[in-house]
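Residue numbers (my numbering), protein chains in the order written: chain A, 1 to 659; chain B, 1001 to 1659; chain C, 2001 to 2324; chain D, 3001 to 3324.
Read the hints as simulated data drawn from the structure, not as lab findings.
Some hints here could point you the wrong way.
Straight-line distance between alpha carbons at most 30 angstroms, and here's what the computed BS3-like set of lysine-lysine pairs gives [as the list claims (entries may be wrong)]:
{"#": "1", "chain 1": "C", "residue 1": "Lys2213", "chain 2": "C", "residue 2": "Lys2146"}
{"#": "2", "chain 1": "C", "residue 1": "Lys2284", "chain 2": "D", "residue 2": "Lys3132"}
{"#": "3", "chain 1": "A", "residue 1": "Lys207", "chain 2": "A", "residue 2": "Lys140"}
{"#": "4", "chain 1": "C", "residue 1": "Lys2235", "chain 2": "D", "residue 2": "Lys3300"}
{"#": "5", "chain 1": "D", "residue 1": "Lys3144", "chain 2": "D", "residue 2": "Lys3132"}
{"#": "6", "chain 1": "D", "residue 1": "Lys3235", "chain 2": "D", "residue 2": "Lys3146"}
{"#": "7", "chain 1": "B", "residue 1": "Lys1172", "chain 2": "D", "residue 2": "Lys3222"}
{"#": "8", "chain 1": "A", "residue 1": "Lys207", "chain 2": "C", "residue 2": "Lys2146"}
{"#": "9", "chain 1": "C", "residue 1": "Lys2213", "chain 2": "A", "residue 2": "Lys172"}
{"#": "10", "chain 1": "B", "residue 1": "Lys1172", "chain 2": "B", "residue 2": "Lys1219"}
{"#": "11", "chain 1": "C", "residue 1": "Lys2213", "chain 2": "A", "residue 2": "Lys207"}
{"#": "12", "chain 1": "C", "residue 1": "Lys2144", "chain 2": "D", "residue 2": "Lys3253"}
{"#": "13", "chain 1": "A", "residue 1": "Lys595", "chain 2": "A", "residue 2": "Lys520"}
{"#": "14", "chain 1": "D", "residue 1": "Lys3316", "chain 2": "C", "residue 2": "Lys2144"}
{"#": "15", "chain 1": "A", "residue 1": "Lys172", "chain 2": "C", "residue 2": "Lys2146"}
{"#": "16", "chain 1": "C", "residue 1": "Lys2144", "chain 2": "D", "residue 2": "Lys3284"}
{"#": "17", "chain 1": "C", "residue 1": "Lys2193", "chain 2": "D", "residue 2": "Lys3260"}
{"#": "18", "chain 1": "B", "residue 1": "Lys1207", "chain 2": "B", "residue 2": "Lys1219"}
{"#": "19", "chain 1": "C", "residue 1": "Lys2316", "chain 2": "D", "residue 2": "Lys3144"}
{"#": "20", "chain 1": "D", "residue 1": "Lys3180", "chain 2": "D", "residue 2": "Lys3260"}
{"#": "21", "chain 1": "D", "residue 1": "Lys3146", "chain 2": "A", "residue 2": "Lys469"}
{"#": "22", "chain 1": "A", "residue 1": "Lys172", "chain 2": "C", "residue 2": "Lys2222"}
{"#": "23", "chain 1": "B", "residue 1": "Lys1469", "chain 2": "C", "residue 2": "Lys2146"}
{"#": "24", "chain 1": "B", "residue 1": "Lys1207", "chain 2": "D", "residue 2": "Lys3132"}
{"#": "25", "chain 1": "D", "residue 1": "Lys3180", "chain 2": "D", "residue 2": "Lys3300"}
{"#": "26", "chain 1": "B", "residue 1": "Lys1172", "chain 2": "D", "residue 2": "Lys3144"}
Not the full set, but computed from the structure, chain C residues with beta-carbon under 8 angstroms of chain D [what the hints assert, rightly or not]:
{"#": "27", "residue": "Ala2106"}
{"#": "28", "residue": "Arg2113"}
{"#": "29", "residue": "Pro2137"}
{"#": "30", "residue": "Met2153"}
{"#": "31", "residue": "Asn2158"}
Each residue gets a CB set at the ideal place from its N, CA and C atoms; glycine is no exception.
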Amino acid sequence: MTQTPTVNDLAWIVGGAQGSGVDSSATVFARAAAYGGLHVFGNREYYSNIMGEHSYFQVRLSGHPIRSHVDTLNLLATFDAETVFRHARNVTDDGAIIYDPGLAGTKLDDVPTIEARLRADLQTYLVARGLGFTIQDLLKSAEDRGVTLVPVPYTRLLSEVADENHIDQLSKISRMVNMFAVASSFGILGYDYEMMARALRDVFRAKAEVAEMNVRGAKKAYDLVVAKHLAFPYHLEPIDFRGERRVLMTGAQAIGLGKVLGGMRVQTYYPITPASDESEYIEANQIVDSRAPSADPAEEESAVAKEAGSVLVMQTEDEISAVTMAIGAALTGARAATCTSGPGFCLMMEGIGWAGINEVPLVITLYQRAGPSTGMPTRHEQGDLRFALHAGHGDSPRILLASGDFEEAFHDGAKAFNYAERYQTTVIHLVDKAIANSNGTMPTFDPDQVRIDRGEMITDGWSGRDPYKRFAFTESGVSPRAVVGHPGTMFWNTGDEHDEMGHITEDPVLRNLMMEKREKKLELAAREIPEGEKVNFFGDRTAGTVVVSWGSTKGAILDAMDALHAEGIKLGFLQIRLVNPFPVEAVTRALARAKSIVNVEMNFGAHMGGLIRERTGIEPTHQVLKYNGRPMSSTELAAAFRAIAKGNAPRKQVLTYGV
Amino acid sequence: MTQTPTVNDLAWIVGGAQGSGVDSSATVFARAAAYGGLHVFGNREYYSNIMGEHSYFQVRLSGHPIRSHVDTLNLLATFDAETVFRHARNVTDDGAIIYDPGLAGTKLDDVPTIEARLRADLQTYLVARGLGFTIQDLLKSAEDRGVTLVPVPYTRLLSEVADENHIDQLSKISRMVNMFAVASSFGILGYDYEMMARALRDVFRAKAEVAEMNVRGAKKAYDLVVAKHLAFPYHLEPIDFRGERRVLMTGAQAIGLGKVLGGMRVQTYYPITPASDESEYIEANQIVDSRAPSADPAEEESAVAKEAGSVLVMQTEDEISAVTMAIGAALTGARAATCTSGPGFCLMMEGIGWAGINEVPLVITLYQRAGPSTGMPTRHEQGDLRFALHAGHGDSPRILLASGDFEEAFHDGAKAFNYAERYQTTVIHLVDKAIANSNGTMPTFDPDQVRIDRGEMITDGWSGRDPYKRFAFTESGVSPRAVVGHPGTMFWNTGDEHDEMGHITEDPVLRNLMMEKREKKLELAAREIPEGEKVNFFGDRTAGTVVVSWGSTKGAILDAMDALHAEGIKLGFLQIRLVNPFPVEAVTRALARAKSIVNVEMNFGAHMGGLIRERTGIEPTHQVLKYNGRPMSSTELAAAFRAIAKGNAPRKQVLTYGV
Amino acid sequence: MASKQVLKVADFQTEVHNDWCPGCGDFGILRSIQMALAEMQLDPSNVAIVSGIGCSAKTVHYVKTYGVHTLHGRPLPFATGVKLANPGLEVVACGGDGDGLGIGAAHFVNSGRRNVDMLYIIFDNGVYGLTKGQASPTLRLGVKTKSLPAPNMNEGVNPLWLALAAGATWVGRGYSYDIKHLVSLIRQGIEHKGYAFLDVLQPCPTYNNINTKEWFGGEDRKEENEGRPLPRVYKLDAEYDPVVHSWEEIDAKIAQAMTKGREWGDKIPIGVFYKNELVPTYEKRISSRVPNYVSNPPAKQAIADTEGRPVADLTKLLQSLAVN
Amino acid sequence: MASKQVLKVADFQTEVHNDWCPGCGDFGILRSIQMALAEMQLDPSNVAIVSGIGCSAKTVHYVKTYGVHTLHGRPLPFATGVKLANPGLEVVACGGDGDGLGIGAAHFVNSGRRNVDMLYIIFDNGVYGLTKGQASPTLRLGVKTKSLPAPNMNEGVNPLWLALAAGATWVGRGYSYDIKHLVSLIRQGIEHKGYAFLDVLQPCPTYNNINTKEWFGGEDRKEENEGRPLPRVYKLDAEYDPVVHSWEEIDAKIAQAMTKGREWGDKIPIGVFYKNELVPTYEKRISSRVPNYVSNPPAKQAIADTEGRPVADLTKLLQSLAVN
Ligand SMILES: Cc1ncc(C[n+]2csc(CCOP(=O)(O)OP(=O)(O)O)c2C)c(N)n1
Ligand SMILES: Cc1ncc(C[n+]2csc(CCOP(=O)(O)OP(=O)(O)O)c2C)c(N)n1
Ligand code: SF4
Ligand code: SF4
Ligand SMILES: [Mg+2]
Ligand SMILES: [Mg+2]
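Work out the full structure, taking the sequences as your base and the hints as a guide.
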């Protein structure tokens, strides 16, 4: 079978039991590829479990930037039986499966972590092909389709390593099978082993010895596979990218970096998946280097940069404490945030209302995950838009930002504080599990693009004759803000309606003025925020079909559009970034002329679709929704858009791909 | 000055410091009038304070049913200075003011509880009339307009009472001034004192001696005023209403009665204004009389009615506990509810999500009050519609009911449990401060109109061969429900996504089926619930102008419509009672042909207006909103509607009347 | 379960795949619960286990009784609702130390005040297991488990103390590797008339490498003990009488329990620290207002006749509001 | 306040109309706070009082310092946020007994674990004042105040015990009608290095007719005392040494405080029950991770230069993520 080789375009999956090192193997794989100039996008899936349930990482590599995962894979790297059972059917016919031949006899029923529904499904599949229920049977069905089988004798290799390193028990180094799987992958892909060695040394930075043992050990698997001389159609080739400084990171890291750069100095949190990754990353790096304030490093340093800064990261007793502690900190002038997911956000309602009525600059980074209730804690969803928009009883202002990719997430992380301080209000930064746990390569962030705007802030004492009024009525609705502890600007806060000093009032006239004052700030934000920060438009402005979406679906939509473009299907794509105040004009303009409006969301209720109709009167003609906990792939989206373009799509398409 | 007498149409206000007995005087006044067959509507206003701040009660009396308060009053009954300062200007020119002549010299500045804004406002008023700043001055300005001044020497009367009853200190009976004010009112209105005596005996049921002393004491004030032979144009005359059994009660009582009749046997709560009144009323009557199950009392009693029932009323440590404890109770088959206001509701988000995913019949009675945050805890608003609709992260089903008046509140109180059990879901019953704290006369409720529907419930053991599946997939989405403790129907609950048994799953296919199952129940509800329970339509079906609203604005709207009808202005009024599932068709039908659609709401954000547009695409042409914490009066609404009818109203009118 | 057949431990086991880490202390607690229920021959349909969120909270899915896996920190109010609506049920609440003493501490304190007749078990592992090993409220100041980037910043609370201060009327501590003893404690806790609190020392081998099975077992103290492990955990002996026999004794017995409960380090007592059945249960207190509460509790009341007409008779109430 | 002028009590008073009931015990506490601040000559701009919700929580509006009137049950986390972001401030948290021990009990417990250097005062009146007299968590079982329809169903908690169990390093109790003593307690609480908890017995004449000023003052015990009132409240004397002088003493001092703290009825002690400055404050603990935390705390850090460019330098972090 001769095939045209596919260079630098690969979907790879590594899987295994939770706690067995799947993550680090994917990181080594991704980094090694990235060192070679390849663009990387990784999507991580795992159960709400500490050890034993199945987790996997899809890593896509490409010669040009990619932003999403796909439904099929070309190379499946496994070292346990479950991974074979779960993923083998999705390997492309021209793909390959790396596996442990020792597991060939493992039966479906030997794997207790496979759900009854999936078990039945696999049985049906195997029965239809006249096969039994073992790994061997499933691999045979793959081989029949043309899939290359790559047995790697993990145990033998482990023994060799153990012998060479004088290790008495194989179990002590059993995690090395991960690296065998990665090395085998690179072997089959014809990729330079040196890149992997470098990645190993980087990932095991803290333990040089372990790194070296892995470098030597994995090489065995690499060599073994290379020696097979497989005619595998997928190849990886290094690309020269010296012109660009590039990083590989997760979304959670990108947001954390944005927040710290943006001046956040207090972050409170209560552990919750997938939000705590961010806090833990920040805590691990809580000492903040300070630069000379001048751009020219040769210039003398000013006092400002003399001292290192720091972020106080507080693990609290619950999310009520997290949000109220952050508000307390914000009252003193520190840029403060908290970071959570749905269940924790549920406990922040009163805090949000209090911050709203007291005009406190509070930032909440909300990592959406599959609800309702505990739902699927480690799975993806964008199901909290409406809840965040209407969070808390009564009417209080808030700004909602939604980031579509790592870079936006980084910049929004910083920008959220500018909005919060300029408009003295709560900013909810909507991100999600997919963005948090995915990783990818990107040009390194340019800190110089970030500016800090603290709004109207009193920093040099109070010389006014009248006493300072924290909630003074002004044209814009914004009152000059002093902070707790500032000399002479004493003020009061209360969750009750209050007068300009901050004391309780129930006066009906003052009440109206205060309600209107608070809301005016949002009107100001709507006027001031540039359209480019409210929405993005991609693709064809004149296209009859316009896709509209928000948040992390962006990558898959763009990749799908690229794919369809090649087929001659042209689409426009309106990405809504500022969810509140809602960009009525920009959205109306972008959608008014479209014949088909395709609302794409990772939730059941089509939240944004409803909001668009509520605010503009425009009703999307098509819904493309997904709510099974797995992010949308570009494959699925391309199919859905294609159907719409061809005119044979129902009004509502529910995407269901998921492993 | 000869005036045409106004018979049985009066707006009366009694005011005084919190804790000084304003409530009981209003109750005596209202009951006494009601005994005479007059229709009553009372609106209560008070500060978030225990003693000293101003509170007042407007009581309207009429020969035909009335449902709202008005902006002016005809008779002001005062016994302190503040009440005069606050209300004198609103007395109609043909009205009267009862006051303590001993307070005539009291200056505005002597009353510390009057807000700076109001003080300034009063000063301007008085200065413009060339007057000083005392009670005397303000009374003079009233007298100049034609208002009758009725000085009642409270202290002298008190002394007489003290003497006659051998009481050593006036302070021991100082509260009797309340009854002087009421008696004086009846004196001036020419109403039979016997009615008042009866009301006094009723209100002080528990203390016969106090009652009699009050009966005798108040008579003095009555006689004193009668002896003045004032030519007052307002008169009250008893009406024969023997044909109808009538009650006088507050909304909180009506709801409590509805819930108990509807079978509620557990109510949890944490104290909060204005919700706790209901719980306290139920607790005070927690033993539930049981009737013979047959309608014919002569028939033999069945076992069912042998034993008295009871409601377990639990004061919890917070609202998280309140909602979760109610859910726990509901799991065992008891009809269970909790009852709260905004801040407490904020703490129920996770509970709502959990009940949603576990399909627990949970009822929450949400007494809205002015937000955001602590806001104005004792003031009115309908500001939680959107929050309740989207409460909790992710998408979970819920039913939202909104009651427009006492009778609906009673029936909805019972019906909420039917919906909750039939659709196995959370029902949020939206009521508010205005409905809770207002009182009125109404035909007594007919318990026979209430039916209990427990939905599909397994009550007689499990004989199925397969194990019982709590979340079995069915056509309708409803799974037959067993309760914790039922023999042989063991099941599991979890906030996680689950399989049919209730065990955790992350399977993408099951997940979708479960999401769809839960939502199907709402679709079922939308189909099954009769249109008459979804919306009401009042007035002219062909009117060009249709008012749309929900909740307690109903009374004022209907009263305003009556007033405008007399002027030849005809309106239609669509009252939305089922907020979710939203009655798309009924609303569309009612609004589609209207030229003007007037959205009336007691909130800042026009919640229902937005929802209508989101769900039907129809945008209200006019907004009539109010958010100063005081319910809408029929006076204001009539003015707003009149302006719209005349074509000279802005798109948005904000009502601002408030004392 | 009308039949009188003898129930075995297996009758309290579900088929659900257990996904705790190998060696997790939770297994011992689960097993002990199942054994205690079997030993007591409780009708599985009449038992409800109510848990919070965490590794520990998954317990309910492995026990074949009614199982209610609730929200993080909320097992107590859920369980209270179940029990008070149907006081005929045996109710056991359980969850993690983070669940019960961090986010759920307000319910912990206020459940003591109520004294509802049920047992609450905390799986005390010093960490937030399911969120990957952050410090829990029982981890002591300065301790650095392998899951922490730096030593713990907060002081630990003593669950026994807190339970005593809150008013729990039965306070015990068990160890997840002493199953026989633990079964007995669970049984006693269930049988106690009132609110029983049981703290169970539960090693989490994955994240807590300080308070391990080996540490509790004193594997590191062989030198002191002629080469044999010198367990830190020891049982309260017969001399320790936890029972409050009269009202006068309360102060002394609480003080005794507090002092005993403070022991830690080389000597960690397990057993029953305090037991007081003089305090009326919440069920009793309700009965003083509603005499037939226990015989006709909320969950058991008929609320409608066969035609769906409400059974409640509002006549008297409406009468009191009538104006004619 | 750069000037060195002497501050008087009046300098800590606002013009806001006070709307507590006549005779409310809150007045004494308010006054004592103002007097303590004046006595200590604290710069009003450098003080923040943080309260929850309730009658008591209105206090902040009457004191002329920064005043933060927060949410029901949440003064502690708000105050912690204020203090830790700017450790140079003097922070006093306050609120009702319902606020702190009911809805807020989880923060009560976990604040003990942190030992942040601030004072928390509970206005302990046995009722939920502002919602009209329901039983609060300190009201004892079976007590029927005039505001209750029936005797209290829940047992009361002892705030001192709970504070000790939670880890508070300074625990005191005052009485709102002994202002001089209360001023001294407040001052000591503020000066204590660590988390100080002060329970103040506060009569609520409107709703609590049991624990009244007269009752605390022993007006009903004249017979026992030759016709003169025999106060129930008495001060701990010099013999009672609450201070933990060495680590070894901790157990004994806590036990002593617990025992003393249980006295109630005819003898109700007020004063300092426990004081331990050996436990490092949270600020110290942070400093062990962030050496310049106190000198350059979050609220004081410059985050941007004059052109608005961030001061933070991410170079090293980005370097560690770089792939070239
Ligand atoms: C409101 C809320 N916040 C956070 C979480 C995330 N969460 C899940 S388990 C857990 C900690 C569990 O620790 P613990 O209670 O000690 O139980 P363990 O896993 O150790 O048994 C947390 C914080 C949640 N589920 N809900
Ligand atoms: C979440 C929430 N629930 C309920 C309330 C209503 N509420 C206001 S004050 C109060 C009780 C106050 O009692 P306490 O804390 O003892 O203070 P006190 O009035 O006695 O000083 C309650 C329950 C609220 N504000 N917020
Ligand atoms: S993380 Fe710890 S507590 Fe959780 S299952 Fe694993 S060993 Fe047990
Ligand atoms: S209700 Fe009680 S606590 Fe509140 S102000 Fe009045 S007396 Fe004070
Ligand atoms: Mg734990
Ligand atoms: Mg109180």
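Against the structure, the hints come out as follows:
A distance of roughly 15 angstroms separates the Cα atoms of C:Lys2213 and C:Lys2146; the hinted pair therefore holds under the 30 angstroms criterion. As the CA atoms of C:Lys2284 and D:Lys3132 are separated by approximately 27 angstroms, the hinted pair is consistent with the 30 angstroms bound. In summary, the hint linking A:Lys207 to A:Lys140 is not supported, as the alpha carbons are separated by about 41 angstroms, beyond the 30 angstroms threshold. At roughly 53 angstroms between alpha-carbon atoms, C:Lys2235 and D:Lys3300 are farther apart than 30 angstroms, so this suggested pair is violated.
Only pairs whose Cα atoms come within 30 angstroms are accepted, and D:Lys3144 paired with D:Lys3132 is accepted, the gap being roughly 14 angstroms. Straight-line distance between C-alpha atoms of D:Lys3235 and D:Lys3146 comes to about 29 angstroms, which keeps the hinted pair within the 30 angstroms bound. Of the supplied pair hints, the one linking B:Lys1172 and D:Lys3222 holds, its CA atoms being roughly 25 angstroms apart against a limit of 30 angstroms. The suggested pairing of A:Lys207 with C:Lys2146 holds, with an alpha-carbon distance near 15 angstroms, which does not exceed 30 angstroms.
Taking the CA atoms of C:Lys2213 and A:Lys172, the gap is near 20 angstroms; set against the 30 angstroms cutoff, the hint holds. Pair hint B:Lys1172 plus B:Lys1219 holds up; C-alpha atoms about 19 angstroms apart against a cutoff of 30 angstroms. Distance restraint check for C:Lys2213 and A:Lys207: the Cα-Cα separation of roughly 27 angstroms lies within the 30 angstroms cut-off, and the hinted pair is therefore satisfied. For the hint linking C:Lys2144 to D:Lys3253, the alpha-carbon distance of about 28 angstroms falls within 30 angstroms, and the restraint holds.
A hinted pair counts as satisfied when its Cα atoms are at most 30 angstroms apart, and A:Lys595 with A:Lys520 does not qualify at roughly 35 angstroms. A C-alpha spacing of about 26 angstroms is found between D:Lys3316 and C:Lys2144, which places the hinted pair at or below 30 angstroms, so the restraint holds. In summary, the hint linking A:Lys172 to C:Lys2146 is supported, as the alpha carbons are separated by about 17 angstroms, within the 30 angstroms threshold. Between C:Lys2144 and D:Lys3284 the alpha-carbon distance is near 17 angstroms, which keeps this suggested pair within the 30 angstroms criterion.
Proximity of C:Lys2193 to D:Lys3260 is assessed by CA-CA distance (about 29 angstroms); at most 30 angstroms being required, the pair is judged to hold. With a CA separation close to 18 angstroms, the supplied pair B:Lys1207 and B:Lys1219 stays within the 30 angstroms bound. Our distance criterion of 30 angstroms between C-alpha atoms is met by C:Lys2316 and D:Lys3144, whose separation comes to about 26 angstroms. Proximity of D:Lys3180 to D:Lys3260 is assessed by CA-CA distance (about 22 angstroms); at most 30 angstroms being required, the pair is judged to hold.
With a C-alpha separation of about 42 angstroms, the suggested pair D:Lys3146 and A:Lys469 falls outside the 30 angstroms cut-off, and the hint is violated. With a CA separation close to 25 angstroms, the supplied pair A:Lys172 and C:Lys2222 stays within the 30 angstroms bound. Proposed proximity of B:Lys1469 and C:Lys2146 is contradicted: the alpha carbons are some 42 angstroms apart, above 30 angstroms. Restraint check for B:Lys1207 and D:Lys3132: satisfied, since their Cα atoms lie roughly 22 angstroms apart, inside the 30 angstroms limit.
Distance restraint check for D:Lys3180 and D:Lys3300: the Cα-Cα separation of roughly 36 angstroms exceeds the 30 angstroms cut-off, and the hinted pair is therefore not satisfied. Straight-line distance between C-alpha atoms of B:Lys1172 and D:Lys3144 comes to about 23 angstroms, which keeps the hinted pair within the 30 angstroms bound. For the restraint placing C:Ala2106 at the interface with chain D, the shortest Cβ-Cβ distance is roughly 4 angstroms, inside the 8 angstroms limit, so the hint holds. Against a cut-off of 8 angstroms between C-beta atoms, the interface hint on C:Arg2113 holds, since the closest Cβ of chain D lies about 4 angstroms away.
For C:Pro2137, the shortest C-beta to C-beta distance to chain D is roughly 6 angstroms, which falls under 8 angstroms, so the interface hint holds. Nearest Cβ of chain D to the Cβ of C:Met2153: about 5 angstroms, under the 8 angstroms cut. The hint holds. Taking 8 angstroms as the C-beta contact cut-off toward chain D, the hint placing C:Asn2158 at the interface holds, the least distance being around 7 angstroms.
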